[in-house]
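*Asks:* Sequence:
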Amino acid sequence: MSAAPAPPTDAIQAALVRAADVGRAAGTIEQLQALADELRDYVRVLIPAAQAHADGLWKGGRDWYLLVSRIGTARRAAESDAAPAGLLEAHVRVRLLATDCRWLLSEYGSASAPERAEP
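Residues in the sequence shown are numbered from 4 upward in steps of one, following the working numbering.
Quick caveat, the hints were computed from the structure, so don't treat them as lab data. Positions of the beta carbon are idealized from the N, C-alpha and C atoms, including for glycine. There may be inaccurate statements among the hints.
Pairs of lysine to any residue, SDA-like flavour, derived with a Cα cap of 20 Å [claimed, not checked]:
(1) Lys62 - Asp44
(2) Lys62 - Arg73
(3) Lys62 - Gly75
(4) Lys62 - Ser72
(5) Lys62 - Ala80
(6) Lys62 - Thr76
Distance ranges between label pairs, derived from CB positions [what the hints assert, rightly or not]:
(7) Ala55 - Ala86: 29 to 35 Å
(8) Asp40 - Ser109: 19 to 25 Å
(9) Glu33 - Gly64: 20 to 26 Å
(10) Arg47 - Ser72: 15 to 21 Å
(11) Pro87 - Ala23: 14 to 20 Å
(12) Gly63 - Ala17: 37 to 43 Å
(13) Tyr68 - Arg47: 20 to 26 Å
(14) Val95 - Trp61: 33 to 39 Å
(15) Asp13 - Arg65: 18 to 24 Å
(16) Arg27 - Trp61: 41 to 47 Å
(17) Pro87 - Ala14: 20 to 26 Å
(18) Ala86 - Asp58: 17 to 23 Å
(19) Asp44 - Asp66: 26 to 32 Å
(20) Arg27 - Ala88: 21 to 27 Å
Required output: the full structure, derived from the provided sequences and hints.
*Replies:* Put into structure tokens, the structure is as follows:
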């Protein structure tokens, strides 16, 4: 099994900082959509490592179920690329994608990730 390329940690961290600043500054829907698209791409890059970890767990166990559910939530958010209906929805989308991205990065984004991550 070949290892996936390491995600661009610095770029992901920069996007997460911008996402954290979203609540403090007004942005346009277009700016928020661009940030959401960037976060969505990072979530897609990080999901395979989390899925590989889940594949190694006992299927049907509590840890497996919680992890697969959390991965599914992140995957659905990353697959949803419909335009936001308004500014509030754009803000919420960025915050939710940032949460998924932050979790995936902290648990599966580096070689130093723990052996067993809780969802």
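*Asks:* Each hint should be assessed against the structure and marked as holding or not.
*Replies:* Hint check:
1. Lys62 - Asp44: violated, 28 Å
2. Lys62 - Arg73: Since the Cα atoms of Lys62 and Arg73 sit roughly 15 Å apart, the hinted pair holds (cutoff 20 Å).
3. Lys62 - Gly75: Distance ~15 Å between Lys62 and Gly75 Cα, so the pair holds.
4. Lys62 - Ser72: holds, 12 Å
5. Lys62 - Ala80: violated, 24 Å
6. Lys62 - Thr76: holds, 18 Å
7. Ala55 - Ala86: 29 to 35 Å: holds, 32 Å
8. Asp40 - Ser109: 19 to 25 Å: holds, 22 Å
9. Glu33 - Gly64: 20 to 26 Å: 44 Å Cβ-Cβ, so the 20 to 26 Å window is violated.
10. Arg47 - Ser72: 15 to 21 Å: holds, 18 Å
11. Pro87 - Ala23: 14 to 20 Å: holds, 19 Å
12. Gly63 - Ala17: 37 to 43 Å: Between Gly63 and Ala17, where Cβ atoms are some 39 Å apart, the hint holds.
13. Tyr68 - Arg47: 20 to 26 Å: holds, 23 Å
14. Val95 - Trp61: 33 to 39 Å: At 35 Å between Cβs, range holds.
15. Asp13 - Arg65: 18 to 24 Å: Check failed, 35 Å falls outside 18 to 24 Å.
16. Arg27 - Trp61: 41 to 47 Å: holds, 43 Å
17. Pro87 - Ala14: 20 to 26 Å: holds, 23 Å
18. Ala86 - Asp58: 17 to 23 Å: violated, 34 Å
19. Asp44 - Asp66: 26 to 32 Å: Given range 26 to 32 Å: holds, Cβ gap about 28 Å.
20. Arg27 - Ala88: 21 to 27 Å: At roughly 23 Å between Cβ atoms, Ala88 and Arg27 fall inside 21 to 27 Å, so the hint holds.
Hints 1, 5, 9, 15, 18 from the list above are not met by this structure, while the remaining hints are.
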